[in-house]
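Protein chains in written order, with our numbering: chain C, 1 to 303; chain Z, 304 to 554.
There's no promise every hint is true.
Restraint-style ranges between C-beta atoms, simulated for each label pair [stated by the list, open to error]:
{"hint": "1", "chain 1": "Z", "residue 1": "D448", "chain 2": "C", "residue 2": "Y203", "range": "48 to 56 angstroms"}
{"hint": "2", "chain 1": "Z", "residue 1": "T473", "chain 2": "C", "residue 2": "F45", "range": "19 to 27 angstroms"}
{"hint": "3", "chain 1": "Z", "residue 1": "R362", "chain 2": "C", "residue 2": "F45", "range": "42 to 50 angstroms"}
{"hint": "4", "chain 1": "C", "residue 1": "I137", "chain 2": "Z", "residue 2": "R552", "range": "31 to 39 angstroms"}
{"hint": "5", "chain 1": "Z", "residue 1": "R362", "chain 2": "C", "residue 2": "S297", "range": "36 to 44 angstroms"}
Computed from the model, here is a short list of chain Z residues facing chain C with C-beta under 8 angstroms [to be verified]:
{"hint": "6", "residue": "F349"}
{"hint": "7", "residue": "R354"}
{"hint": "8", "residue": "V358"}
{"hint": "9", "residue": "G361"}
{"hint": "10", "residue": "A449"}
{"hint": "11", "residue": "M451"}
{"hint": "12", "residue": "L459"}
These are computed hints drawn from the structure, not numbers from a lab.
Remember, it's a predicted structure, so these values are computed and weren't measured experimentally.
Even glycine gets a Cβ: it sits at the ideal position worked out from N, Cα and C.
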Amino acid sequence: MQIYLPIAEVSVNALLLLGLGGLVGILSGMFGVGGGFLITPLLFFVGIPPAVAVATSANQIVASSISGVLAHLRRRTVDLRMGVVLLVGGLVGAAIGVWIFNILREMGQVDLLVRLSYVLFLGVIGALMFVESLNAIRSSRAGKAPARRRHNWVHALPMKMKFRTSGLYISVIPPALVGVLVGVLAAIMGVGGGFIMVPAMIYLLGMPTKVVIGTSLFQIIFVTAFTTLLHATTNYTVDLLLALLLLVGGVIGAQIGTRMGGVLKAEQLRILLAALVLAVCGKLGLDLLLRPAELYSIAGVAP
Amino acid sequence: MIRAALALALLVLAPSAAMAEELLAGLSRNRVSISANFDGSEILIFGAVKREAPVAAGRTGIIVTVEGPRVPLTIRRKDRVGPIWINDAAMEVDAAPSFYAVNTSAPFGDILNHVDDLREAITVDRAIRAVGVVDTVPDPSAFTDALMRIRAREDLFQTNIGAVRVREDTLFDSSVSLPANLVEGIYTARIFLTRDGAVVSSASSAINVQKVGLERFLYTLAHEDPLVYGMMSLAIAIAAGWGASAAFRYF
Numbered sequence: 001m002q003i004y005l006p007i008a009e010v011s012v013n014a015l016l017l018l019g020l021g022g023l024v025g026i027l028s029g030m031f032g033v034g035g036g037f038l039i040t041p042l043l044f045f046v047g048i049p050p051a052v053a054v055a056t057s058a059n060q061i062v063a064s065s066i067s068g069v070l071a072h073l074r075r076r077t078v079d080l081r082m083g084v085v086l087l088v089g090g091l092v093g094a095a096i097g098v099w100i101f102n103i104l105r106e107m108g109q110v111d112l113l114v115r116l117s118y119v120l121f122l123g124v125i126g127a128l129m130f131v132e133s134l135n136a137i138r139s140s141r142a143g144k145a146p147a148r149r150r151h152n153w154v155h156a157l158p159m160k161m162k163f164r165t166s167g168l169y170i171s172v173i174p175p176a177l178v179g180v181l182v183g184v185l186a187a188i189m190g191v192g193g194g195f196i197m198v199p200a201m202i203y204l205l206g207m208p209t210k211v212v213i214g215t216s217l218f219q220i221i222f223v224t225a226f227t228t229l230l231h232a233t234t235n236y237t238v239d240l241l242l243a244l245l246l247l248v249g250g251v252i253g254a255q256i257g258t259r260m261g262g263v264l265k266a267e268q269l270r271i272l273l274a275a276l277v278l279a280v281c282g283k284l285g286l287d288l289l290l291r292p293a294e295l296y297s298i299a300g301v302a303p
Numbered sequence: 304m305i306r307a308a309l310a311l312a313l314l315v316l317a318p319s320a321a322m323a324e325e326l327l328a329g330l331s332r333n334r335v336s337i338s339a340n341f342d343g344s345e346i347l348i349f350g351a352v353k354r355e356a357p358v359a360a361g362r363t364g365i366i367v368t369v370e371g372p373r374v375p376l377t378i379r380r381k382d383r384v385g386p387i388w389i390n391d392a393a394m395e396v397d398a399a400p401s402f403y404a405v406n407t408s409a410p411f412g413d414i415l416n417h418v419d420d421l422r423e424a425i426t427v428d429r430a431i432r433a434v435g436v437v438d439t440v441p442d443p444s445a446f447t448d449a450l451m452r453i454r455a456r457e458d459l460f461q462t463n464i465g466a467v468r469v470r471e472d473t474l475f476d477s478s479v480s481l482p483a484n485l486v487e488g489i490y491t492a493r494i495f496l497t498r499d500g501a502v503v504s505s506a507s508s509a510i511n512v513q514k515v516g517l518e519r520f521l522y523t524l525a526h527e528d529p530l531v532y533g534m535m536s537l538a539i540a541i542a543a544g545w546g547a548s549a550a551f552r553y554f
């Protein structure tokens with residue numbers, strides 16, 4: 001079933017788009033990542049112009065994140081207080097990120113920088129998570145209780161606050177800083193930032209995995225909603241019809257994903273996410289290293 | 304229905320000048336509507352050669368071209384810098400046709416000479432090179448070749464040799480298929496009559512390609528009221544997210 005998209009100005013298969021949305025929705029519900037780092041490259045592959053793909057996937061992520069958050073709220077696995085702290089940091093970070101992005105664009109080569117930062121961040125985070133969760137699985141097999149509540153420098157900072165849902169009593173400075181960092185990256189890389197935030201919350205803040213996912217989704221809603229509005233008003237690149245197809249698949253997928261996430265063990269969940277992040281990183285890295293089949297590309301000039 | 308449409312759209316196109324041979328041509332439609340289920344379209348171009356005298360000696364050729372609106376674009380080339388491939392050289396094109404199809408009754412060598420091709424910019428090659436190419440790179444032809452290669456792969460540039468049927472050197476018809484990834488705007492159909500390679504008569508007509516219905520509404524809203532459009536996108540996203548969550552409660 002072909003459908004013509006009014007903003008993207010291409011005709012694509014509607015069922016394919018529903019399927020893509022569903023796939024990313026499942027991942028989103030399972031891992032608490034918005035899926036932006038997956039859906040954007042997938043849309044390029046289908047033939048959607050990059051500018052439209054980036055803007056529209058932001059809109060789609062809003063929908064699947066809301067669907068996911070509501071499911072998590074019912075299971076009481078969202079730390080709202082932590083979410084707000086992250087969000088405040090995130091908005092500050094997004095503003096800084098947009099500013100950096102504009103400077104880079106004037107210098108040219110922003111494309112390359114985005115790709116390089118993808119490869120770098122996905123690679124480092126994926127590798128760290130993979131090793132850590134392998135160790136966790138090994139030690140739990142050996143019968144040792146996993147070492148929770150490590151006291152590191154995070155616990156020595158002032159301005160402590162109780163985060164009851166997470167069972168934490170820590171300073172607000174680290175979560176706010178994580179929010180800022182994620183905001184900056186979100187603006188530069190055009191993603192929700194879940195794949196950076198989730199590991200940061202687990203390893204840096206020591207939050208329990210179950211709470212991390214709902215909280216991350218909560219923060220992503222606001223960041224991506226902000227991004228959608230920004231794209232719609234400045235670049236006119238949000239394709240409502242495309243978003244609609246993706247999000248119908250996405251919201252259903254997010255519900256299924258959340259259920260699947262509840263069945264799997266935390267370590268398994270983490271190792272799956274790590275494998276996924278590494279796979280995307282590998283693909284992007286290869287694209288940079290291998291000689292492309294077509295050296296030339298055509299880009300429209302904005303009127 | 305089809306017959307009525309044909310009759311309606313049978314526009315007798317103005318011949319270029321009073322000559323011994325004149326082209327009379329018509330289109331099956333002069334309006335293409337892009338709706339949500341648009342999946343390409345076909346335009347039939349037909350006509351006849353009007354003569355005061357018997358057919359002149361020499362080989363008759365008919366060439367039909369359809370050209371989409373011209374848009375500025377940038378062609379980039381990736382080069383290896385260190386271990387990675389990055390966009391390096393770029394060439395700007397002021398106005399390249401977004402679509403270009405050329406149908407002929409015989410191979411170009413038999414029915415079109417080089418001078419007339421240069422003057423009328425008929426072949427894909429000439430139509431592209433005729434546009435304002437800003438020479439910012441040492442090898443602009445490599446870039447225009449790439450443009451033609453990429454567009455041809457997407458069916459946006461077509462050369463169909465022998466796709467014009469000519470009967471008794473007088474009646475002709477040809478169909479041009481427009482792909483699904485069309486750009487909105489005014490398209491131009493041109494028809495050339497050649498004798499021994501020289502263009503002796505030509506005609507042209509406009510085809511209006513336009514979005515309609517929902518497509519039109521969304522496109523206009525997105526460009527004229529972006530804030531409302533953005534809010535609407537968000538509202539739909541929120542409603543869908545909440546709706547799915549509420550629906551799944553009962554499973």
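Quiz item: Against chain C, with CB atoms and a cut of 8 angstroms, does the hint on R354(Z) hold up?
Solution: violated (43 angstroms)
Quiz item: Between D448(Z) and Y203(C), is the Cβ distance one that fits in 48 to 56 angstroms?
Solution: holds (51 angstroms)
Quiz prompt | Range agreement (Cβ of R552(Z) with Cβ of I137(C), hint 31 to 39 angstroms) | solution = With Cβ atoms ~33 angstroms apart, the hint holds.
Quiz item: Per the CB criterion, is G361(Z) less than 8 angstroms away from chain C?
Solution: Check failed: Cβ of G361(Z) comes no nearer than 41 angstroms to chain C, outside 8 angstroms.
Self-check item: Interface restraint verdict for V358(Z) against chain C (beta-carbon cut-off 8 angstroms)
Solution: Interface hint status for V358(Z): violated (44 angstroms vs cutoff 8 angstroms).
Quiz item: Is it true that R362(Z) and S297(C) lie within 36 to 44 angstroms of each other by Cβ?
Solution: holds (41 angstroms)
Practice problem: Please test the hint of 42 to 50 angstroms on the beta carbon pair from R362(Z) and F45(C). | Solution: Holds: the Cβ-Cβ distance is about 48 angstroms, inside 42 to 50 angstroms.
Quiz item: Does F349(Z) pass the interface check with chain C, least Cβ-Cβ distance below 8 angstroms?
Solution: Nearest chain C Cβ about 27 angstroms off; hint violated.
Quiz prompt | chain C contact restraint on A449(Z) - CB to CB distance below 8 angstroms | solution = This hint holds: A449(Z) lies near chain C, its Cβ roughly 3 angstroms from the closest one there, short of 8 angstroms.
Practice problem: Take a look at whether the Cβ-Cβ distance between T473(Z) and F45(C) falls inside 19 to 27 angstroms. | Solution: Between T473(Z) and F45(C), where Cβ atoms are some 50 angstroms apart, the hint is violated.
Quiz item: Taking the least C-beta to C-beta distance, is L459(Z) closer than 8 angstroms to chain C?
Solution: violated (10 angstroms)
Quiz prompt | When the least beta-carbon distance from M451(Z) to chain C is tested against 8 angstroms, hint result | solution = This hint is violated: M451(Z) lies away from chain C, its Cβ roughly 10 angstroms from the closest one there, beyond 8 angstroms.
In summary, the numbered hints that this structure violates are 2, 6, 7, 8, 9, 11 and 12.
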